[in-house]
Amino acid sequence: GAGVSQTPSNKVTEKGKYVELRCDPISGHTALYWYRQSLGQGPEFLIYFQGTGAADDSGLPNDRFFAVRPEGSVSTLKIQRTERGDSAVYLCASSFRGAGPTYEQYFGPGTRLTVT
Amino acid sequence: AQSVTQLGSHVSVSEGALVLLRCNYSSSVPPYLFWYVQYPNQGLQLLLKYTSAATLVKGINGFEAEFKKSETSFHLTKPSAHMSDAAEYFCAVRVPGAQKLVFGQGTRLTINP
Numbered sequence: 353g354a355g356v357s358q359t360p361s362n363k364v365t366e367k368g369k370y371v372e373l374r375c376d377p378i379s380g381h382t383a384l385y386w387y388r389q390s391l392g393q394g395p396e397f398l399i400y401f402q403g404t405g406a407a408d409d410s411g412l413p414n415d416r417f418f419a420v421r422p423e424g425s426v427s428t429l430k431i432q433r434t435e436r437g438d439s440a441v442y443l444c445a446s447s448f449r450g451a452g453p454t455y456e457q458y459f460g461p462g463t464r465l466t467v468t
Numbered sequence: 073a074q075s076v077t078q079l080g081s082h083v084s085v086s087e088g089a090l091v092l093l094r095c096n097y098s099s100s101v102p103p104y105l106f107w108y109v110q111y112p113n114q115g116l117q118l119l120l121k122y123t124s125a126a127t128l129v130k131g132i133n134g135f136e137a138e139f140k141k142s143e144t145s146f147h148l149t150k151p152s153a154h155m156s157d158a159a160e161y162f163c164a165v166r167v168p169g170a171q172k173l174v175f176g177q178g179t180r181l182t183i184n185p
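Read top to bottom, the protein sequences are chains W and Y.
Position in the first sequence (first residue = 1) + 352 = my numbering.
Position in the second sequence (first residue = 1) + 72 = my numbering.
Simulated from the structure, these hints should not be mistaken for laboratory data.
There's no promise every hint is true.
Among chain W residues calculated to face chain Y with C-beta under 10 angstroms, some are [as the list claims (entries may be wrong)]:
1. V356
2. H381
3. A407
4. D408
5. S410
6. P413
7. C444
8. E456
9. Y458
10. F459
11. P461
What follows is a list of derived Cβ distance ranges for each label pair [said to hold, decoys possible]:
12. W:G368 with Y:P112: 28 to 36 angstroms
13. Y:T77 with W:P413: 16 to 24 angstroms
14. Y:L128 with W:P422: 43 to 51 angstroms
15. W:E423 with Y:T149: 41 to 49 angstroms
16. W:T359 with Y:H154: 12 to 20 angstroms
17. Y:P112 with W:R374: 21 to 29 angstroms
18. Y:L90 with W:G424: 42 to 50 angstroms
19. Y:E87 with W:D408: 40 to 48 angstroms
20. W:E423 with Y:K130: 35 to 43 angstroms
To be clear about the criterion: a stretch of chain Y counts as covered by chain W if any three or more of its residues have a C-beta under 8 angstroms from a C-beta of chain W, and this derived list gives those stretches [claimed, not checked]:
21. 112-119
22. 168-178
Positions of the beta carbon are idealized from the N, C-alpha and C atoms, including for glycine.
From just these sequences and the hints, can you work out the full model?
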């Protein structure tokens with residue numbers, strides 16, 4: 353079946369601009385996660401949705417970052433006033449009913465964001 | 073707070089040789105532990121996971137890992153490396169009841185012919 357998809361695969365933007373990154377989770381998965389992977393580093397947690405609500409947004413670095421999931425399926429990560437330090441690969445993952453011991457997080461291929 | 077340390081950002085082995093990728097964790101409660109593999113331009117794929125059942129865990133592609141509480145380790149091994157094993161490998165920890173995965177910095181595995 354279809355996996356997690358993310359669009360665009362690559363995004364280049366100028367410093368100060370606004371960007372939106374989209375994630376389509378696996379059908380039926382109620383939990384959705386965003387992670388950020390900087391060059392040479394492991395992924396870092398940003399935010400977790402259960403259904404439509406953000407259950408844990410403790411990883412968002414500042415108020416320039418915001419994410420929504422209005423219908424409990426597709427999610428959009430929004431970054432305002434982008435900075436060069438925001439350049440990274442943004443990963444989305446989904447799982448069935450949240451990540452209990454038997455529920456695996458399935459990752460998408462990521463969106464590579466470059467801020468010039 | 074939990075954390076993961078992967079010893080060695082780059083590991084190089086010959087085809088057919090033993091693969092050993094090291095992972096040590098820190099957690100205030102018994103954790104769940106994971107190994108993920110990332111091929112170029114692809115998403116993370118779960119290799120195996122430890123969720124408090126058997127301490128020796130077998131995963132896909134011939135990989136296995138052993139949870140050692142006394143050493144706070146979860147090292148990944150494969151008896152015989154294949155060229156297709158070349159990739160980036162990430163160890164991750166999650167506290168039961170929490171949702172987020174905490175990843176190590178990754179180990180790039182290179183296989184020499």
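Results for each hint:
1. V356: 7 angstroms, holds
2. H381: 13 angstroms, violated
3. A407: 7 angstroms, holds
4. D408: Holds - the Cβ of D408 of chain W comes within 10 angstroms of chain Y, reaching about 6 angstroms at its closest.
5. S410: 8 angstroms, holds
6. P413: 14 angstroms, violated
7. C444: 9 angstroms, holds
8. E456: Result: holds, 5 angstroms to nearest chain Y Cβ.
9. Y458: Constraint on Y458 of chain W satisfied, holds at 8 angstroms.
10. F459: This interface hint holds because 4 angstroms falls under the 10 angstroms limit.
11. P461: Since chain Y brings a Cβ to about 5 angstroms from P461 of chain W, closer than 10 angstroms, the hint holds.
12. W:G368 with Y:P112: 28 to 36 angstroms: 31 angstroms, holds
13. Y:T77 with W:P413: 16 to 24 angstroms: 23 angstroms, holds
14. Y:L128 with W:P422: 43 to 51 angstroms: 44 angstroms, holds
15. W:E423 with Y:T149: 41 to 49 angstroms: 44 angstroms, holds
16. W:T359 with Y:H154: 12 to 20 angstroms: 33 angstroms, violated
17. Y:P112 with W:R374: 21 to 29 angstroms: Hint holds: Cβ distance 22 angstroms, inside 21 to 29 angstroms.
18. Y:L90 with W:G424: 42 to 50 angstroms: 46 angstroms, holds
19. Y:E87 with W:D408: 40 to 48 angstroms: 43 angstroms, holds
20. W:E423 with Y:K130: 35 to 43 angstroms: 39 angstroms, holds
21. 112-119: It holds, with 6 qualifying residues against the three required.
22. 168-178: Our answer is that it holds, as 9 residues pass the Cβ test (under 8 angstroms) against chain W, meeting three.
Comparing the model with each earlier hint shows violations of hints 2, 6, 16; every other hint is respected.
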